[in-house]
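Protein chains in written order, with the working numbering: chain A, 1 to 112; chain B, 1 to 116.
Rather than coming from a laboratory, the hints here were simulated on the basis of the structure. Some hints here could point you the wrong way.
Computed list of chain B residues with no C-beta within reach of chain A, every gap over 10 Å [as the list claims (entries may be wrong)]:
1. I12
2. P71
3. L73
4. S89
5. R112
6. L113
Now the in silico label distances, taken between C-beta atoms and shown as ranges [to be verified]:
7. B/T56 <-> A/A109: 33 to 41 Å
8. B/N72 <-> A/G40: 25 to 33 Å
9. A/F10 <-> B/Q28: 35 to 43 Å
10. A/E17 <-> B/R10: 28 to 36 Å
11. B/Q41 <-> A/G82: 42 to 50 Å
12. A/A109 <-> B/K7: 24 to 32 Å
Just so it is clear, CB atoms sit at the ideal spot from N, CA and C, and this is done for glycine as well.
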Amino acid sequence: TQLLEQSPQFLSIQEGENLTVYCNSSSVFSSLQWYRQEPGEGPVLLVTVVTGGEVKKLKRLTFQFGDARKDSSLHITAAQPGDTGLYLCAGADAGNNRKLIWGLGTSLAVNP
Amino acid sequence: SAVISQKPSRDICQRGTSLTIQCQVDSQVTMMFWYRQQPGQSLTLIATANQGSEATYESGFVIDKFPISRPNLTFSTLTVSNMSPEDSSIYLCSVDPGTSGGNTQYFGPGTRLTVL
Chain A
1 TQLLEQSPQF LSIQEGENLT VYCNSSSVFS SLQWYRQEPG EGPVLLVTVV
51 TGGEVKKLKR LTFQFGDARK DSSLHITAAQ PGDTGLYLCA GADAGNNRKL
101 IWGLGTSLAV NP
Chain B
1 SAVISQKPSR DICQRGTSLT IQCQVDSQVT MMFWYRQQPG QSLTLIATAN
51 QGSEATYESG FVIDKFPISR PNLTFSTLTV SNMSPEDSSI YLCSVDPGTS
101 GGNTQYFGPG TRLTVL
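The shape of chain A in the complex, shown without the other chains (with noise of 0.2 Å):
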């Protein structure tokens, strides 16, 4: 059974400072997803990687996929009130039903 881990699962931080979040898995994945969901809301795509090693951003956003696939890394540079959600990662499973693992996901509160 595929798992991810998720952390950290709740942060609180002030306007302006920097965060990370991580996901890692004993599993190698095709691809990964990072998702933000608001309350009331669904979760809504943030960005995919595929490739070992990829690095992408989004504004203040960064994203890395692990050489080995087996991990990722969310980092927000000078978090925003508009930051506040919950953060999810998803796997692609390894095999080709095109189900989602889910990491149990990062509550995050900026606060102004």
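Add chain B to chain A, keeping to what the hints say.
Chain B alone, transformed into the frame defined by chain A:
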């Protein structure tokens, strides 16, 4: 990407009754999924809704409790049957358009169910 709508957005139901949740997509997609989520927590996959065949259920979920229909490539329903308070949750549908570059899923806004 895909635009997904769900109905109802929320409901409060009595124990023992059933609720059918609808999921509509703005384009034809092969893969549709149904999830359950407690507020602030991660997603638990209930089943994969297959067009033209029975849904594929995950461990701990059975067809008698969560019957799923998938009559065409743009629509699916999930019924929560004989509800109990433990079924109170957010129910989400998602689609995977099957494009290259990763198993990306797009989500509906969810249905918040409260069972009294």
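We went through each hint and held it up to the structure:
no.: 1; hint: I12; result: holds (16 Å)
no.: 2; hint: P71; result: holds (21 Å)
no.: 3; hint: L73; result: holds (15 Å)
no.: 4; hint: S89; result: holds (14 Å)
no.: 5; hint: R112; result: violated (8 Å)
no.: 6; hint: L113; result: holds (14 Å)
no.: 7; hint: B/T56 <-> A/A109: 33 to 41 Å; result: holds (37 Å)
no.: 8; hint: B/N72 <-> A/G40: 25 to 33 Å; result: holds (28 Å)
no.: 9; hint: A/F10 <-> B/Q28: 35 to 43 Å; result: holds (40 Å)
no.: 10; hint: A/E17 <-> B/R10: 28 to 36 Å; result: holds (35 Å)
no.: 11; hint: B/Q41 <-> A/G82: 42 to 50 Å; result: violated (22 Å)
no.: 12; hint: A/A109 <-> B/K7: 24 to 32 Å; result: holds (31 Å)
In this structure, the hints that do not hold are numbers 5, 11, in rising order.
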